[in-house]
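Given only the sequences and the hints, what does the whole structure look like? Please build it.
2 protein chains.
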Amino acid sequence: MASAKRPGEFELIRRYFAPLAAATPGALGLGDDVALLTPRAGTELVLKTDGVVGGVHFLTDDPPDQIARKALRVNLSDLAAKGAAPLGYLMTCALDASVDEPWIASFCAGLAADQAEFGIGLLGGDTMSTPGPVSISIMVLGEVPIGRVLRRNAAKPGDLVFVSGTLGDAVLGLKRLRGRFPAMPKAESDHLIDRYRLPQPRLRLGGALLEEGLARASLDISDGLIADLGHVGEQSGLAAEVERDRLPLSPAAARALDEDPALIVDIVAGGDDYELLFTAPAAARATLADLGRRLNLRLTEVGRMIEPSGSSPGTVRLLDGQGREIPLARRGWEHF
Amino acid sequence: MASAKRPGEFELIRRYFAPLAAATPGALGLGDDVALLTPRAGTELVLKTDGVVGGVHFLTDDPPDQIARKALRVNLSDLAAKGAAPLGYLMTCALDASVDEPWIASFCAGLAADQAEFGIGLLGGDTMSTPGPVSISIMVLGEVPIGRVLRRNAAKPGDLVFVSGTLGDAVLGLKRLRGRFPAMPKAESDHLIDRYRLPQPRLRLGGALLEEGLARASLDISDGLIADLGHVGEQSGLAAEVERDRLPLSPAAARALDEDPALIVDIVAGGDDYELLFTAPAAARATLADLGRRLNLRLTEVGRMIEPSGSSPGTVRLLDGQGREIPLARRGWEHF
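Sequences listed follow chains A and B, in order.
According to the working numbering, the first sequence is numbered sequentially starting from 6.
According to the working numbering, the second sequence is numbered sequentially starting from 6.
It is possible that part of the hints are untrue.
As the list makes no split between identical chains, a pair holds if one copy fits it or if it spans any two.
Subject to a maximum C-alpha distance of 25 Å in a straight line, what follows is the list of computed SDA-like cross-link-like pairs (lysine to any residue) [what the hints assert, rightly or not]:
(1) Lys10 with Gly60
(2) Lys10 with Pro136
(3) Lys180 with Pro136
(4) Lys191 with Pro313
(5) Lys180 with Thr132
(6) Lys10 with Arg336
(7) Lys191 with Pro256
Everything labelled a hint here was simulated from the structure, so no lab data went into it.
Computed from a predicted model, the values in this text were never measured in an experiment.
See below:
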């Protein structure tokens, strides 16, 4: 089916997708059925796939370049958490009738910008039509030295829990886009919306944590701090405690929380942060402080891993300044 | 969002998807962010991704196990065409509100059956909700000896063009499902519908073509014989001729064509065959006949690669018994 609004499949590939693969030798110019990849000796491949659907993971009037970059970055964020270096990606795009050529041009420009930023290229893909909303699936490939990948299941009792950057910005940015916080200063509003639209995969941090042997368990925060720390706990057979007063917040998020303390649930359970959460022994504190300065990235100790003693592994308690548990109506994002 | 019709995301993964990954060591039990894969020494990875959308690539009331198997098999078919041995796959599923637990159980049972048939396992994936139709993206990984992959661009002038199996069954099966050929005997109708729903990736053939050095160019027929042979021609800088009277047809397709000669367009340009098309020097004829007998798979010489001499590379002419060109209103399937 040719659409009046855009060229046919092969022409689209030639104009917009093939240039994204031009510098990727294994992509074979998108002119064959498959892509080829030979990992370097001593490394193993790290594979991740994650998709986004219009109206579920992004707003259908979000700028197409930012939809593309977010779809790519949520995958790169997982590689970052594992300490992996990205190699390339494959992508399937299901496009609905509303997608015209300028949309595709912007979408691919976003991918090109991020390819340059992260030093990767398109390896292959598939473009389809759909009667439903636009949906994008991306599969990234990365590499780690064999046996060195940072897992979720390696936390030890007494480990400190660290997070990078600030928490809750993205979920507050989404609320802002939906009309909340109408009196928020524009700079703060822009900051939150940018954090929603454009996650920052912490690849340099993940790479350094692996190389320098600083982290035990690691993952990225996509479901929310409480849920994702729960995943580390489940996989490591431990519980965890988080101190509310230690949570790293942007000025915008801190002010919003001051004005409405109920937002704490969104901040710790809203998801979409794409910051790294990792555990490390207390002895690593000073080295991590130094690493944060080197990377110019805030690294904050927010809690600790403990023996479950009575509670199930994966239990996470959020504590107030007096050590009392703060009840949470939600624990994290579930896709359905 | 929890749906009344099915359990939440994590429970679905535990019940249905994790068992598909249980025997795949690199899948880490689907309990981490990523999957790991170390290719064997001397091999390179072959990557392919292809998606299917409800109402576009399958009918929404198709049996879920067959939707799953087809989604996997269209990808395996590309590996087959390249001579690659499959290693595993990742999958993203966008599920709409109509998908209940029995649907998912059947879908995953289909995947389990094909995992056993093709000796592969699930490596990872992502499950999402969508307001649109169900859509599935699968990314398969395979391996070939380094530098040996069967490409599209390696055909030589004078090469014979071979296809496996029979052509046109799937597209006629789809027409049957939509109500055409009401008087067709049930056995023939069942055959065509089965060919539409359940492609047979020709992995043993592709592996043998690579190992025994029998094929020059190779791909799988997904867009239709004429379009896919055109891809070989474009990539190899050649034109091609196909003889209508040599086309391998099932008894059902042969009878349908007898009754309605206009169906020739569907047979050569309808797509969805998932047979292999490959080129080989004339000297390979006898060895290929022997290979077909060993594999119990029909291999038919249908035409030849020629110098383009005047026409553009990629030009494909379909000839009748007198060597006259048969005009074709369509050349192949385009996704939009």
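Structure-based check of all given hints:
| no. | hint | verdict |
| --- | --- | --- |
| 1 | Lys10 with Gly60 | both (21 Å within a copy, 21 Å between copies) |
| 2 | Lys10 with Pro136 | both (15 Å within a copy, 23 Å between copies) |
| 3 | Lys180 with Pro136 | between (28 Å within a copy, 21 Å between copies) |
| 4 | Lys191 with Pro313 | neither (44 Å within a copy, 62 Å between copies) |
| 5 | Lys180 with Thr132 | between (32 Å within a copy, 24 Å between copies) |
| 6 | Lys10 with Arg336 | between (43 Å within a copy, 22 Å between copies) |
| 7 | Lys191 with Pro256 | within (13 Å within a copy, 71 Å between copies) |
Hint 4 from the list above is the single one not met by this structure.
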